[in-house]
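S.K.: Letter by letter, the chains look like this.
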Amino acid sequence: MTERITKSMAKNIYYGGGLFALLIFLGLSFDTVQQIPKRSNQINMSESVVAGKALWEKNNCVGCHTLIGEGAYYAPELMNVFQRRGDGHEANFKNYMQGWMAAQPLSEPNRRKMPQFNLNAQEVNSLADFLIWTSKVNANKWPPTIEG
Amino acid sequence: MKYSSQAVAKPYFIFALVLLAGEILFGLLMAVQYLYGDFLFPLIPFNVLRMVHTNLLIVLILFGFMGATYYLIPEEAERELWSPKLAIITFWVFAAAGVATILGYLFVPYATLTELTFNNLLPTMGREFLEQPLPTKVGIVLVVVSYVLNTAMTVLKGRRTVITTVLITGLLGLAVFFLFAFYVPENLIVDKFLWWFTVHLWVEATWELILGAILAFVLIKVTGVDREHIDKWLYLIIAMTMVSGILGTGHHFFYMGAPEYWLWIGSIASAAEPLPFFFMILFAYTMTKERRIEHNNRMALTWAKGTAVMAFLGAGVWGFIHTLAPVNMFTHGTQLTAAHGHLAFYGAYIMIIFTIISYAMPILRGRPYGNSQKAQNLELKAFWMMNIGMLGLTLALTTAGIIQILDQRVGTELIGFMESQASIAGVYTIRAFFGVLVFVGLLTYFASFFVKEKVK
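Protein sequences, first through last, are from chains A and B. Throughout the first sequence, residue numbering follows this note's numbering, covering 748 to 895 in sequence. Throughout the second sequence, residue numbering follows this note's numbering, covering 20 to 475 in sequence.
I should point out that these hints are in silico values taken from the structure, not numbers from a laboratory. Please note: incorrect hints may appear among the correct ones.
Stated by the list, open to error - Here are the simulated EDC-like pairs of lysine to aspartate or glutamate, each with C-alpha atoms no more than 16 Å apart in a straight line:
#1 A:Lys758 <-> B:Glu313
#2 B:Lys308 <-> B:Asp245
#3 A:Lys758 <-> B:Asp250
#4 A:Lys841 <-> A:Glu870
#5 A:Lys754 <-> B:Glu279
#6 B:Lys240 <-> B:Glu313
#7 A:Lys888 <-> B:Glu279
This is chain B alone, in the form it adopts within the complex (with noise of 0.2 Å):
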């Protein structure tokens, strides 16, 4: 560790991950709900797991980007953070206005929850993964407008990169889509079409230079490999995720009573969505190809290729499966998009969080050579687990949406939503149990975390 300010990460780190552990707990409760209409009813109603389950997803990729971000900028603007006791203060806010919100989540009902959290003065709940009540709304842009003056604060005074400027150009662009979140106009069409203003530009444009930035660090830090070249790969990675990805918002504004322009926009732009994600693979298969160094860490540079293989499979392939306008009309809310969203989040941004940590943590904890090869052995199995589980459960899904549209939309002899699940619990099963096996991957991952070192 070059500056001691770096170590503010490690809380964010370890917080990301039990954050993490909780969000597919609760996957796997929802996956037995699937199944089992009365497990956890009325105790815990099927949409309260699934707040809880999405908004732990999100908190707990918010943690990884700042400890991420908390951890690279020093090294990256050779200074110390501008404020420490400010990254600190604001992760104790963060994660209590987060465990009050889920506690509010799992002990009130939803609707007592809006009149207690004052939403008639500003109606903000109720909306797809923006279910937060108004003050953990407002508590998130307080700590978002602390992180984000922390970064720049520290860079401006410091060394200016490639990274650091695509970090902040990110940060910024995060806080500002998140404000469509306050606005929830009466008319529902207006109101689903600005709702992807904060969801589709932070999950396929803003995140994507966060994830890109960490990338190019930890590239940097293992392979040795000139700054300048990886700069211009970083470059064209975020150019194309840019066109891409802003004009590919067009794919959700098919079928939702927006016009039919964006049938042709939304297509062309996001057949093109998975390029950027392609060329990561590049990227990192290159860097490694060309490394100056051999680092010890073996396990960092695994999970940057891991990274960008995964995001590849899950943002690029499963999302390419079902963008086109014509295949949409079909796929469109059925569990093929749900089966795109678990492995794209999961590749994109739970694997870079992996990434970073498996990187960082060693470093923060006294190990600047990564941890013990049986450690790491332990570490790659985990790795293994993890991937294999979330692919399965992903086939899974691919398998339950593909019979979904056969029941209820192709041909003349249509099923009944109702009927046409029960007729695809074997599969649903099947996701369940590679759920578990993703649960297992991780906790063996934390058991890595514990292996003794020899002492030297």
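Just chain A, with the same shape it has in the complex (with noise of 0.2 Å):
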């Protein structure tokens, strides 16, 4: 089949559908970039939200965890830890965090471990904070179910 198409063809499909990939795929991103503050109210995106978020990553949290589907498998997905383990209260849920993280790393032998961050009380509420945020992102309703 590729008898029929010649070597300037091939270079013409190249460029002329690269170029039409890239612009449409650009136009989207645009739109996307515009519609992302609605769908992630993020206008409830306190000061405590954007700290949780910095700690997040200071941690390296992603290196273990996956946070709405990406990241690492080695332990469990957050973006519905705050109804799983909160059942979708607030205060349940900082009770819940406050609790877990000062108890890391577990005894339990050779489960899995997370290491102890050594946070404040302070910085696990902040921590909490995004997660609750992250929980409340229109993201197509994903995940599935509870247990994520």
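Once you've looked at the hints, go ahead and assemble the two chains, each given alone in its own frame, into the complex.
M.R.: Printed below as a string of structure tokens:
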């Protein structure tokens, strides 16, 4: 089948097709960046949420956990941990988080271990706020179940 | 070796292989920690092992690309490399920065590392694959700029071919898209969205151009097929790569906070992503059939064909398995992604590096007709051990992913993540054994370098 295609035709398909795809991609990307503030409730992105995200990065949490499906698969998904461990109640979840973070690493032999990050109560609170904010992002109905 | 400056490729190739050994070793350590959580804990927590594993992979591929480029560019441009000295300096800078970064990961807690490396001035750390401290990221930019400059100057002053044009387009794309690594928006969703501009557009667009150029170069050399013919194939393959790969980025935007239209665009475009890889198989096998010369270095051609087949399986088939939005709803964030990632990176990028090394290293070592038969036989054994090992561990991870989905996401009797992982332990054990096979294969490959040549 390639006999009927000449080299210059192939070249034009490459440049034309590539440029076409790139332009559509950039156009849609521009639109997406406009839509994300609403879909992610950016209006609720408090200073504490932003601080929580910085802590998430500083401690490389994504090196073990997934967050909205992206990251490592060593530890549970955390987009819906607010619903799973806090029943969707902020006070319950924050209580849980303070206890959980303080208890690490758990002593159960050969269970996968989470390191002790030595965060203070305010930092754990920010991390919880960040996860609560994340749980409310419109991710097209993902995750499919509470177990993530 | 036609041009003496091609010799600068040698340290790049050797270092890439050394890093590959390290990468696989850390992969094995992770495979053990997956099963025994106390293994190496708290000495090296999982996130550190993984950072070393993935960062070594990225850096070794860059070393491999640079070695390949410095080897093939003088022959393509029909002149000496613009600055062999710059290429050597770049090698040492990159190697030193790479080693320092890995040591930093291993010996300094990550949070402390962020403080020591000015992350508060410009936060860029703590994102998957882009964990490098700011000075390392700046170093990568300098190395890439020097790499692009050296390549472009050589080509501009010499003969221009389709291969060099495609290669330079790929390099420029690699450089431009890395700049997104320096921008971390406060909004997690914008952050994730733009993060893919580096990660996806490297792996599924610009790097594929570099892969295509290297493959075309080796095929011309070992089959003797007319360049015009090869060029046409190369254009067709990368045309399909660009169209499906760029819009295919949409398959990462299904379930992360981006609008619904990506469900359609991502599904349709990325359903076509196996096509260029399928063409790559046709390309390699057709060129082999139409070959004009019988090159004594048969392993180079074996690796070239192997690259096409394994890239098709890993990037094409294993990508397609979970690329349609309704399927991805269930597979997103499971071991299926890991299965695809492992076979795709191996098939496309590690194997193209083996291809160029297998072709070029004998020449760089003064064996223009390839290694001895004995060495090639050993290399063939290594080829099969690594391929079977990678396929085996990919199948194991695929099984793990399916069990994970059935446990956590389908039906009414769901179990939690940790419980599900415990139920997969047997499969993870099998994965680890196949990982060992890959490592033994790599050691066998290394041994093939030391097979004594008969004195002629």
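S.K.: Could you run down the list of hints and mark each one as holding or not?
M.R.: Verification of the supplied hints:
1. The straight-line distance between the Cα atoms of lysine 758 of chain A and glutamate 313 of chain B is roughly 30 Å, outside the 16 Å bound, and the hint therefore fails.
2. Restraint check: the Cα-Cα separation between lysine 308 of chain B and aspartate 245 of chain B comes to about 13 Å, which is no more than 16 Å; the hinted pair holds.
3. With a CA separation close to 9 Å, the supplied pair lysine 758 of chain A and aspartate 250 of chain B stays within the 16 Å bound.
4. Between lysine 841 of chain A and glutamate 870 of chain A, the direct Cα distance comes to roughly 11 Å. Compliance with the 16 Å bound is thereby established for this hinted pair.
5. For the proposed pair lysine 754 of chain A and glutamate 279 of chain B, the alpha carbon gap of about 38 Å is over 16 Å, so the pair is violated.
6. Proposed proximity of lysine 240 of chain B and glutamate 313 of chain B is supported: the alpha carbons are some 10 Å apart, at most 16 Å.
7. The suggested pairing of lysine 888 of chain A with glutamate 279 of chain B holds, with an alpha-carbon distance near 11 Å, which does not exceed 16 Å.
Violated hints for the displayed structure, listed by number in ascending order: 1 and 5.
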